[in-house]
Amino acid sequence: MHSIPGRRLIMALFLIFLLLPIYWLVNMSFKTNAEIVSTMTLWPHTPTLQHYRRIFTDESWYSGYINSLEYVVINTVISIAVALPAAYAFSRYRFLGDKHLFFWLLSNRMAPAAVYALPFFNLYSAIGLFDTPWAVALAHCIFNVPLAVWILEGFVSGVPREIDETAFLDGYSFPRFFIKILVPLIASGIGVAAFFCFMFSWVELLLARTLTSVQAKPIAAIMTRTVSAAGMDWGLLAAAGVLTIIPGALVIWFVRNYIARGFALGRV
Amino acid sequence: MDKTINQKAWFLVLPVFLVVAFSAVLPLMTVVNYSMQDTFGNNQFFWNGVGWFKELLDPSTDLGGRFLASLGRNLFFSAVILAIEVPLGIIVALSMPREGWSVAACLVILALPLLIPWNVVGTIWQIFGRPDIGLLGYVLNHLGFNYNYVSNEVDAWVTVIVMDVWHWTSLVALLCYAGLKSIPDAYYQAAQIDGASRWAVFKAIQLPKMNRVLLIAVLLRFMDSFMIYTEPFVVTGGGPGNSTTFVSIELVKIALGQFDLGKAAALSLVYNLIILIVCWVFYTVMTNAGTERKAVAQGEPAAEPKPAAAPRPAGVLKPKEGVA
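The listed protein sequences derive, respectively, from chains A and B. Residue numbering for the first sequence follows our numbering, beginning at 893 and increasing consecutively. Residue numbering for the second sequence follows our numbering, beginning at 1276 and increasing consecutively.
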């Protein structure tokens, strides 16, 4: 592949631009609040783990992570489970209204969360799910299910049709074919779809904050609220931020070649 | 490879339909219902017809003024970030290392901002830009710029834009990189034989090949920036004044702040309609790409055995001006 002159320099500058703000957050999370406020230091001169210790011992903090993980996992499982058969149907068959349905799914993926905040609040209060992880998990389905369908459809289309036909000739029933043959073949696709469902549910704040109050409050909401109430505990805020980056950073290596594909809904 | 017609496929789609309809259709009906009514609290509702919609599109009223102002700000914001992120993304994609471990390293670092929760993106820049404790604010102020995103409108805008560039340029770059990788080496060899300049290679080979991914990138970035809420909300809270109040922030203010259900619902519908139109363009691009992809997949096995793959692109290139 041809590249442009000075590419090493451009790349280096851009990567520094990306990493510098993140470094600053990590840097702050290891400083004492006295050091943050009084001096400008490029690295922690008196490194401390007090902020992390506080998060892992104070229930009002670590419960936020547990709540977030709870609804994210529920959402990912629901999304993948319902999206798998649908992706197969969209990939292999034509049926009444298939194109409209496919577009309708996409339009929900793209709908602004702000539009749904208030009606979701009413809906989930009415059916008694308000302030439970289920409310947020179901609410996030509105963008994650379409996302999973679109991504998985791309992967299923990559499986040659002859495999289906051979399996059916060999006497496989549809459910058996689906679980024994198709799912293993698109395992990497399921991994990618699950990763993106996890990620988009993890990064969303508006709906998660609107649909919870005390019991199921996500870490993102705890971060915004504690900051305004406690008079800016910068070190703690930074530590909480670093911890929310970790899930993404852990799996990033495995999905590095699929990032573009996932964001483009499996169409690149 | 025509798909077979099978109406039973609906049974496979049904779970998805039910789950999404539950969280999309029901709430949307509520919104339509509210948008035609007015409330004075106590759950008493009064019929208002299309009153809110008239007010919404009339800049002389309070609601219309706020909506159109935030819409204008939002469109300006989207235009600016597209104007920066698309060229920058292309440049970064072209600067990717060719092979070895550095490719993987660059991909990982590029993807990192995309996977950070949006409110933490806001927090990162909130901290990074503060004049007292942030590196950026501190350095700028010591260089003689009076930078303060809390009180100065221009600084707030610059911060929000730079934050978005930081957050999302990688997406454009990764999409472009995926497009660039799909160009066969033969094209470059042919260009070399023709003595094409670096710029000509970009214009005649790389840009046309990136056409589709670029279109996807532009549409994705437009829609996401048009719906932006969390990041500017955390950094500036829509201020100073209303200077960085985008449509979503305005909507949440009206809906959950003032609990003005009718106004918020009318705004939601108009907002949703705009997104829907852009979304339709996006869908057309995507599905066209899908048929193209299948055509390529079908054509490949036939084309591959031919050893003379190289001369063909040369022929493609020759008619274009400026290549030779």
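To be clear, the hints were calculated from the coordinates, so they are not data collected in a lab. Small disclaimer: the values here were computed from a predicted structure and weren't measured. Misleading hints may appear alongside valid ones.
[Stated by the list, open to error] With a straight-line Cα cutoff of 25 Å, these simulated SDA-like cross-link-like pairs (lysine to any residue) come out:
no. : chain 1 : residue 1 : chain 2 : residue 2
1   : A       : 991       : B       : 1456
2   : B       : 1456      : B       : 1548
3   : A       : 991       : B       : 1301
4   : A       : 991       : B       : 1296
5   : B       : 1278      : A       : 996
6   : A       : 991       : B       : 1377
7   : B       : 1484      : A       : 1148
8   : B       : 1278      : A       : 899
9   : B       : 1278      : A       : 1148
10  : B       : 1283      : A       : 899
11  : B       : 1478      : A       : 899
12  : A       : 991       : B       : 1278
Hints, one by one, checked against the model:
For the suggested pair residue 991/A and residue 1456/B, the alpha carbons sit about 30 Å apart, so the restraint of at most 25 Å is broken. For the proposed pair residue 1456/B and residue 1548/B, the alpha carbon gap of about 36 Å is over 25 Å, so the pair is violated. Between residue 991/A and residue 1301/B, the direct Cα distance comes to roughly 22 Å. Compliance with the 25 Å bound is thereby established for this hinted pair. The straight-line distance between the Cα atoms of residue 991/A and residue 1296/B is roughly 16 Å, inside the 25 Å bound, and the hint therefore holds.
Of the supplied pair hints, the one linking residue 1278/B and residue 996/A holds, its CA atoms being roughly 20 Å apart against a limit of 25 Å. This hinted pair does not check out: residue 991/A and residue 1377/B have alpha carbons roughly 42 Å apart, beyond 25 Å. For the suggested pair residue 1484/B and residue 1148/A, the alpha carbons sit about 22 Å apart, so the restraint of at most 25 Å is met. Of the supplied pair hints, the one linking residue 1278/B and residue 899/A is violated, its CA atoms being roughly 45 Å apart against a limit of 25 Å.
Pair hint residue 1278/B plus residue 1148/A does not hold up; C-alpha atoms about 32 Å apart against a cutoff of 25 Å. Restraint check: the Cα-Cα separation between residue 1283/B and residue 899/A comes to about 54 Å, which exceeds 25 Å; the hinted pair is violated. For the proposed pair residue 1478/B and residue 899/A, the alpha carbon gap of about 18 Å is at most 25 Å, so the pair holds. For a cut-off of 25 Å, the pair hint linking residue 991/A to residue 1278/B stands: about 13 Å separates their Cα positions.
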